[in-house]
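**Q** The chain contents come next:
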Amino acid sequence: RKEVEQDPGPFNVPEGATVAFNCTYSNSASQSFFWYRQDCRKEPKLLMSVYSSGNEDGRFTAQLNRASQYISLLIRDSKLSDSATYLCVVRGSSASKIIFGSGTRLSIRP
Amino acid sequence: DGGITQSPKYLFRKEGQNVTLSCEQNLNHDAMYWYRQDPGQGLRLIYYSQIVNDFQKGDIAEGYSVSREKKESFPLTVTSAQKNPTAFYLCASSSTETQYFGPGTRLLVL
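Note that the protein sequences, when read in sequence, are chains U and G.
Here the first sequence stands for residues 74 to 183, where the numbers follow the numbering used here.
Here the second sequence stands for residues 7 to 116, where the numbers follow the numbering used here.
Isolated chain U (complex conformation) (with noise of 0.2 Å):
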């Protein structure tokens, strides 16, 4: 089992749609949670932390649940800006332990 799992997609949706991504993750010690957007052939960039209380900014939210170990992104009224991969990243207690996930490849149509 991989330590940190995403649907690798693509998820093609009209703009102006609601999606949602999951990842799930393998270490139970695991202490930071986030979310990066990549651009085709870019470097990631920082999204949004996530934290145990859910957080919210804009049009994105980020959820936590420690209990079944996953984290959470939901875009809503998806613009075609968003179109992305959108990649999950856990971290542990020390700078080996941060996890990327594969991806999610986001796509969206006029």
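Worth flagging that the hints you see were computed from the coordinates, not collected in a lab.
Don't be surprised by glycine CBs; every beta carbon is placed ideally from N, CA and C.
Simulated restraints on C-beta separations:
#1 Cys-113(U) x Asn-90(G): 20 to 26 Å
#2 Pro-83(U) x Gln-56(G): 32 to 38 Å
#3 Arg-50(G) x Ser-101(U): 20 to 26 Å
#4 Pro-83(U) x Ala-87(G): 34 to 40 Å
#5 Gly-9(G) x Gly-165(U): 22 to 28 Å
#6 Thr-92(G) x Ser-101(U): 32 to 38 Å
#7 Phe-18(G) x Pro-81(U): 27 to 33 Å
#8 Lys-118(U) x Arg-50(G): 17 to 23 Å
#9 Glu-21(G) x Ala-140(U): 51 to 57 Å
#10 Lys-89(G) x Asn-128(U): 42 to 48 Å
#11 Tyr-143(U) x Leu-116(G): 41 to 47 Å
Starting from the structure of chain U, add chain G where the hints point.
**A** The following block gives chain G in isolation, referenced to the frame of chain U:
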């Protein structure tokens, strides 16, 4: 502008050749990292350094070497021992939990 720079953007390696990828940051971050990304896969950690003059192997260090003589710089050498070096190489730095990435170097084998 504060940030992380990587050079070159594209690098071609001949059989048996060592090549060095540059990574510089002016964010005053203590920790720096090198990752490798292959198509359709997540990032894999090659080496990381939490402080000047100290670095640790990541999951796929074989065939690579690094140095950390200055806080701002963390160059990666891809040696001839790395038999499959074609990939997208990403450098990152962090001060706390969040990592920030440079624009990456694409290494191709001639």
